[in-house]
Every structure is written in C-alpha cells, then in structure tokens.
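Below are the chains, spelled out letter by letter.
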Amino acid sequence: MRIHLLSFMLLASLFCNPAEAAAKIEHWQTPQGSRVYYVQIPPSPPFTKGGIEQRAEPVSPFEKGGRGDLPMVDIQVAFDAGSARDGYQFGLSALTSALLDTGAGQWNADDIAQRFESVGAQFSSSISIDMASVSLRSLTDKPLFDKALETMQVILTSPSFNEADFQREKNRTLAGLKQQEESPAELASIAYYKALYGDHPYGHPASGEIVTVSGFEVADLRSFYQKYYVAANAMVVIVGDLSREQAEHTAEMLVSGLPVGQKPEPLPEVVMPVKAGMQHIEFPSSQTHVLVGMPGTYRKDPDYFTLYVGNHILGGGGLVSKLFEEVREKRGLAYSASSSFAPMFRKGPFTISLQTRNDQTGQALDVLNKTLADFIAQGPTEAELIAAKKNITGGFAMRFDTNKELASYVSMIGFYEMPQDYLDTFQQNVEKVTAASIKDVFKRRVDPQLMQTITVGGSDKKSEK
Amino acid sequence: MNNRLLCAALLWLPVFASSAAVTKVSEHVLGNGLKVLVKEDHRSPVAVSQVWYKVGSSYEPGGITGISHMLEHMMFKGTDKHAPGEFSRIVAENGGEENAFTGEDYTAYFQTMEASRLAVSFELEADRMRNLHLLADELKKELQVVTEERRMRTDDNPQAKMQEHFAAMAYTNSPYRNPVIGWPSDIENYKVEDLQAWYQRWYAPNNATLVVVGDVEPKAVFALAEKYFGPLKCVGCAERSEAHQHQSANASDALRTSAHPTVLKPQTEVEQLGVRKMTVKLPAKLPYLVMGYKVPVLKTAPHEWEAYALEVLAGVLDGGSSARLESGLVRGKQIAVSVGASYGLTSRLPTLFTLEATPAEGKTVWNLESALKDEITKLQINLVDSDELQRIKAQVLAKAVYERDSNFYQAMQIGMLETVGLSWKVVDEYVDKINQVTAEQVRNVARKYLIEDKLSVAYLEPLPITGNITETKTTKGVR
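If you read the sequences in order, they're chains B and G.
Residues 1 to 465 in the numbering used here are what the first sequence spells out, letter by letter.
Residues 1 to 479 in the numbering used here are what the second sequence spells out, letter by letter.
FYI, nobody ran anything at the bench for these hints, they're computed from the structure.
Cβ atoms here follow ideal geometry from the backbone N, Cα and C, with glycine treated the same way.
One should not assume that every hint holds.
Stated by the list, open to error - Residues from chain B shown here face chain G by an in silico Cβ test under 8 Å; the list is partial:
{"id": "1", "residue": "114"}
{"id": "2", "residue": "143"}
{"id": "3", "residue": "154"}
{"id": "4", "residue": "168"}
{"id": "5", "residue": "284"}
{"id": "6", "residue": "285"}
{"id": "7", "residue": "404"}
{"id": "8", "residue": "430"}
Unchecked claim - Heads up, simulated DSS-like pairs for lysine-lysine below, C-alpha to C-alpha not over 27 Å straight-line:
{"id": "9", "chain 1": "B", "residue 1": "330", "chain 2": "G", "residue 2": "141"}
{"id": "10", "chain 1": "G", "residue 1": "333", "chain 2": "B", "residue 2": "178"}
{"id": "11", "chain 1": "G", "residue 1": "140", "chain 2": "B", "residue 2": "370"}
{"id": "12", "chain 1": "G", "residue 1": "81", "chain 2": "B", "residue 2": "390"}
{"id": "13", "chain 1": "G", "residue 1": "285", "chain 2": "B", "residue 2": "178"}
{"id": "14", "chain 1": "B", "residue 1": "147", "chain 2": "G", "residue 2": "35"}
{"id": "15", "chain 1": "B", "residue 1": "389", "chain 2": "G", "residue 2": "81"}
{"id": "16", "chain 1": "B", "residue 1": "142", "chain 2": "G", "residue 2": "393"}
{"id": "17", "chain 1": "G", "residue 1": "227", "chain 2": "B", "residue 2": "404"}
{"id": "18", "chain 1": "B", "residue 1": "443", "chain 2": "B", "residue 2": "275"}
{"id": "19", "chain 1": "G", "residue 1": "333", "chain 2": "G", "residue 2": "35"}
{"id": "20", "chain 1": "G", "residue 1": "81", "chain 2": "B", "residue 2": "322"}
Model the full assembly from the supplied sequences, consistent with the hints where possible.
Put into structure tokens, the structure is as follows:
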C-alpha cells in the first residue's frame, strides 16, 4: 500500500483525439475553503424503442468520444490526515479512518452498511502515508444516489466514535498487526521505512504498532478527527455522470457540515541518511525478501520526470527493464525484481525489491547492486531511452481509460496541487528527458553510499533444501 | 484498508453481470476453429486483446501438475521468428501492457494497447500459438523463477499453504485437488519434452478463443484475425477433413463439432461419504478456519437455478458489510476478526462453497466453526428476508454498471465463460437469473448441499515463529 502512489503517476491519457485536452478538470473552492476537482463524464443519449432520444443540450466533445455511457459517479473526500499525521501515536490515522463507518448520526454500523448496499453503492474509507479519504461509487439514478450521498455526508460530519465500536476495531487492528509478523514481506517493509526515515513522520508503519495501538483511547480518535477532518483541510473529487450544478451541490453538501478549521503545518523535510546501512531480520521462510533504497523524489520535484523515465528503464517497466533482465531473465534468481519511485508530499522512497531463495541472497544482492551502480555510472543508452519513451507515450491512453483510474489521477493532481494541465503536458515532459539528463540526475539523487538494505529470511542455508 | 485483515478468497470468484440492454458481443469462427469474440467499447481509444486456451491445472495428470502454468512462463521465451524476450520488448515499444495468467480451467494471455495497434498483438500471439521454441537452457532458468513464485505465493504464506492442503483433502479424485502452480516435486522434474507435448496437445486455434474489447469495429477485427490467425492449422482436423471427403455429410458435421484436439477424461469427483477434518500446523501468528461444502456449478447443477440460488446464498452471508457474517460474527458476537463466504458458479467441474474465518482474541476456530454452522442451519430452517434478497439484487444490478468501467474485466468474463464451456451469453442472463431466485430456492439449496456429510474442515494451528527476531550485520545507517 505504501508505494501505491506511484501508480497515480502512470495514469495519464486522452480520450478523443490527441489534439484535445486529456481530461477537462474543473476546479473551484467551496465557501468553507475546500478544494473541488470535477470531471464530467455524461451518459450517452439513452436508447429507446423509437431510436435515439433527442437531446435539447448540445453534445459536448467528450460525448463524441463515447466515453460517457455509464450512469455512475465516483466521489472522494480527502484530507491531509494520513499516517504522517500520527505524531507518536502510530496507527491513529488508520484507526480513526476505520471507525468512521461504524456509527454516525443516528445510525449504527449495520444501518450504514444497509443504506449503502441497498442502493448498490460501494463505500470505503482508507489512508495512505499522506492522505486519509472516504470514497463512494454510486449509480446516479436520483433516489439511489441521494441515499448514498446523504449517508456519506453523515459519516463525514457526524461519526459517533462509540466506545464499543472502538474496542472492537482496535482489537481487529491488533489482530492484523499480529498477523503482519507472519509475513516476511511486511516485516521487511516496516524495517525499511524505519531505516530510511527514522523519526520522520514517514518512518513508522501506517497501521501502527501493537504497543502504540494498545494504548489508544476513543478520545484520541475523536480529537484526531476534530483536528484534521475539517473543511480547510478537505478536497473533493467528483468524476462521472453529474452535471456541474449537481457536482457543486454534492461538494457543498459533503463538506458544509464540517467546521472550517485549518490546514495543518506542512510536514517536515526528510533528513537524508548519512551513510549506507544493512539490516538482517532472521525469519523461518524459504525466501529472503530484499529491499534496497533511500528517500527519492517528491511530487513537485523538478527532476521528477527524469527520475521517472530513468527508473522505467532501470526497473519500472514491468516485464522489460534492466533489473528484470539481469535478475530474472538471465539468472532466474527471482519471480519479481523491480524498482520504483514513490513520490509523496516529501521525498518518498526509491526502492529496489526482489525475493529469492535464502542461500542465493548474496548473489542476488550483488546483481542488484551492480545493475544499479552500472546504471548510475553509464546512464541509459539512446536505444533504451527511445524504447522507454515509446512505451510510456504509446501507452498513454491506457493509463486512465477507466473512470476509476481517472478519479485516482484527478485525486493526485488535486491533493498535491499539481498544475491543472499536468495531464496535457505529461507526454511532452516525458519526451523532454534525455539520456544525459537521466545520467546526471541519478548521479545526483541516487547514491549507493546512502542506500539502506533490508533482508528478511533464513540465513541458515540448511533450512532450505 | 491498511489496518484490517484482508479476507483471502479461497477461490477466485468472478461476480459477473452486465445489463442485457447494452452488452453486445460479435462472434466469428475462423476456418481453423479459432473463435473470435468482439465487444465494442468506444469510451477510450484502446483495446484489450486476450487469447484463452482451454487448458489449465485441472487438465493435468499426476506427476506434471503445474505444467500449464510452467508453459505459460515459457510462452515468453521465443519462437522461430522472435528471440527470447523479444515478444515483451515489441509489446513495450508499442506502448502496450501485457501478461498472462493460469487458472484451474484456463490459460490466458493478454495485451492492452492503443486500438490502432491490434495487429501487433495478433501477429505475436498467432506466432507463439504454433511456433514456440522450448529450449532446455531457458527452461532451466524459468524453473527457478517458478519455484521462487511458489515460495512467495504459497510456501511462505501460512494461509495459502493451508488452503493448498485443504483442497487436497476436500477433493478425492477431482483435479481441483492440485494447486495451479503445481506440487514442488512435480515442478522440479519438468522436462522440455513434457512441455513440448503439453504445448502440442493444447495450443491450437481450435482450442482457443480470441477476445477483443475496446475501441474497435468487429468486422475489422475479424478480418485482422483472419489475416494473422487464419493460416494456422487446425490440430487434429486436417486428416479428418481429408477423410471426411469420402464420407457422408452427416459424418462431416460430426467431425466439425468434434474439432477439439483431444478428448479430456471426465475425472468426476466421487461422492463424499462423511465430514473430513484436518489440522495444519505451521509457523504463524493467528489461527484460521476454512470450511467447504461440495456444490454443483452452472454446468453440472441438475437445475440451473440451483447455481444461481447458491450465488444468492453467498450474497446473503457475505455480500457486503451488512451481510450476515460480518454483521453477526465480526460485529454482533465479535468472535471473528475477519470472515468470508465464497462460491463461483462458472467453473468447469463441481466446486466448493467455502467459508473462512480468523477468530478474535480469546476465541477459537471451534467457536467459529460452530457459529458458521449455526448460520447455515438458519438458512436451512428460515426463509431469507425480502430485504436481504432486495439488497443482493440491487448490488448485482449496480455491479453490472460498474463492471463496464473496465474493458479488461469485460474481456475476462467473456473469455472465461467461453473457455469453461459456457457461453458469453451467460453474462447477459446473469442479472435476470439472479432476480428470479426466490427465498424458497435459497433454502432448498442450503438444505440439499450445505450438509455435514459433504463438508471438509481445516484448522490452522500456529506454531511459534522461531529465530532471532533482529540481527544487525553491520551498523545501521546513522542520520
């Protein structure tokens, strides 16, 4: 989950023809100061027995593409209230989010679930490191939509935080934390973030730790909610079959019940590690999970596109990349071997990961480190760069060819306040990257002398046949 | 999401549905038997192309379990025309995304690209359908990759490993008892000749379905398919069609309908004669319970409605947070931290209706087993509420709209249904058939199938996770 923000980066497209704007994102603020981002995807004219119904309004260019034939909408309300806002109460953001739909207004958890599910709506609340959000997918048929929207609004503005619900959800979280300890991948990830970020707000696991969560009281959740779930700290994303007027009304309705409050102070800058580190966690698994990396890039980083294209060549390109080639295709050392930049508000991790049989961990690490060192020293070849650009720009249309992907993409633009033409300029920005600039930026930004290496698995070779 | 246990679904359960008014699939069968199915979706200038082969782990005899999956990996290792790895490079340079997946009843390959580049995908897929190079060196490396995949997915994952043991107990002779990825000693011992034989036997146009969904026009797709796949030979038909010239017209019809390259043995599961139970002991932190009842699927149910009624029954128990299991066991009695029920009606062979749960602190798998059986008993005694039925029907209707947001998912439904021997038309019927299910029918299937003698139960008993928790080889980075 932690590095899922990277995928937002990959979502970029155009619907109709390349000359038109990729997606018409409309943006405004509610009177309480919440930012709203809206993309209208209206339905095609309905089919009737007599043929296609006449429409009074002119058909928008969007409809020409035929994109909008689904009577549905995706809505998200997001807050700068992810696990980075936990303070020392690791897991507070996550548990607060988990409590939201367990009771609100006059309703208990069953009532809330029934209200959504009886109209076929899908509701969820979730957090990442930077962001907490509630999301709704609903049909736009008025009575169905109204019921779902009202329920969402009450959840956002009047969650109950009942003691009984709190105890139950806390116990479930504790069980989940316990279960993490049977997964070498989870243990590696926790140790990795700690190694990269130390005491920075990015350094602890989003779901918390057993010792911190055990100490929570319901009042802690209530005060976290009161501080961060406020209009000035809220963003609304609406993508789908609602008119501008309906979208305005929807956004207003969702956030008008929230106190205005204020935006939290920006998160502190990440302090870079001063030297390389290596940590091994002994675990009775047949594979060793390997994570190697350091703090990498942030959303508004001027080097972002260069790092992104460079990483695509190094280890981001799915079945075609240098790491995949060296680790899997040439040597059969792992099922997956990849690298990624996860840009966040501050520098998110640059991570290389693989999993391999315990007794070949050393060999795999050597291959990994050499592949990285060679790439930093030499940069990509012209042919590799061209191939990567062709893949990225040629596949541009698929990056958000579903409403769901588009909504995530709009959410990223809105949450990080990226330029509104981000989509339209995406391909140009990729095209501008040169082999020399990649070589330069990797030298400056990816330093093997600062890399943190985590291995989790069995070091006893006899444990593996 | 981050802080909760995820319910690992035992079986991949496709909830497929689509509004009958909108679904439109165009169908064309090439002379060599390749079936081409096209669905237009012009929302975005892209298309997904999938080739589905009628072969998967349930086709595999003992000793070579997992070979369908191994072959899936080898399909990226070069042909007469293309060197190993070139396939993926060509797709990538065309902006494509690609991969492949193997299940019990199918092996499928896909590319997603701009719709104008469909020919790139067709050329490559047609080439590897008949001209694959299976090289010993490549196999040696890829065997290691698959072994690592197995370690990651199963061996180091307590719940997955337990589910593997559970399936092997629940089924007596059905091939569903074997894991899709194969048993370790079978994986270790694949030979190039095994893969060659498997490839020759199953990879042919008359054993495949080509599905395209996206910004395309069916006639153009058919023409393109004809161009690239048309020249491939129908396997097992050539001699026959020569022979049939000397035979009657009747015989020729029969030959055409038996164009399948090879006859698969039925391997019908014998009747279960009583409850089965097992304990699986593994290093783990939490206990875990899995229960499975033998049930029919759409293809095997004596009455079609039984499969749909089982589908609704699964929805009554686990169709969301308001459904009985989450509401009753996680929130009400608070004996589970996670719980789920699942049923898939579209497999080729009879399957299991499964229930799974993780106990809350201080509760046991036996508490859970008894609570889950109480839920089953309630379904056998009482009729489900009309509110519950209404809720399930609303969800099915809404999902039918939401699913159309994804070309890939739509292609999956069509390809999977065709490949298991149903028809893509099942997608269109689904909403109606679910709507027709009555409370009485749900009770009937609960009484008929969810009975003790057809039940298998597995308990995961955690062993301590040994080993030093942390050992620092060198100094950690100081900031």
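Each hint, compared with the structure:
Because the beta carbon of residue 114/B sits about 4 Å from the nearest beta carbon in chain G, less than 8 Å, this interface hint is met. Proximity of residue 143/B to chain G is violated relative to the hint, the smallest CB-CB distance being about 11 Å (cut-off 8 Å). At its closest, the beta carbon of residue 154/B sits 16 Å from a beta carbon of chain G; the interface hint therefore is violated under the 8 Å criterion. Interface hint status for residue 168/B: upheld, as the beta-carbon distance to the closest one in chain G is roughly 6 Å, under 8 Å.
Hint on residue 284/B holds. Least Cβ distance to chain G is approximately 5 Å, under the 8 Å limit. The interface hint given for residue 285/B is met, as the beta carbon of that residue sits about 4 Å from the closest beta carbon of chain G, less than 8 Å. Of the supplied interface hints, the one on residue 404/B holds, with its beta-carbon coming within about 6 Å of a beta-carbon of chain G, less than 8 Å. The beta carbon of residue 430/B is not positioned within 8 Å of any beta carbon in chain G (closest approach about 12 Å), and the interface hint is therefore violated.
Taking the CA atoms of residue 330/B and residue 141/G, the gap is about 8 Å. The hint holds against a cut of 27 Å. With a CA separation close to 21 Å, the supplied pair residue 333/G and residue 178/B stays within the 27 Å bound. With a C-alpha separation of about 24 Å, the suggested pair residue 140/G and residue 370/B falls inside the 27 Å cut-off, and the hint holds. For a cut-off of 27 Å, the pair hint linking residue 81/G to residue 390/B stands: about 22 Å separates their Cα positions.
Distance restraint check for residue 285/G and residue 178/B: the Cα-Cα separation of roughly 6 Å lies within the 27 Å cut-off, and the hinted pair is therefore satisfied. Proximity of residue 147/B to residue 35/G is assessed by CA-CA distance (about 44 Å); at most 27 Å being required, the pair is judged violated. A hinted pair counts as satisfied when its Cα atoms are at most 27 Å apart, and residue 389/B with residue 81/G qualifies at roughly 25 Å. Only pairs whose Cα atoms come within 27 Å are accepted, and residue 142/B paired with residue 393/G is accepted, the gap being roughly 18 Å.
Taking the CA atoms of residue 227/G and residue 404/B, the gap is about 35 Å. The hint is violated against a cut of 27 Å. With a C-alpha separation of about 16 Å, the suggested pair residue 443/B and residue 275/B falls inside the 27 Å cut-off, and the hint holds. Only pairs whose Cα atoms come within 27 Å are accepted, and residue 333/G paired with residue 35/G is rejected, the gap being roughly 52 Å. A hinted pair counts as satisfied when its Cα atoms are at most 27 Å apart, and residue 81/G with residue 322/B qualifies at roughly 23 Å.
Figure legend: structure checked against the earlier numbered hints; hints not met, in rising order: 2, 3, 8, 14, 17 and 19.
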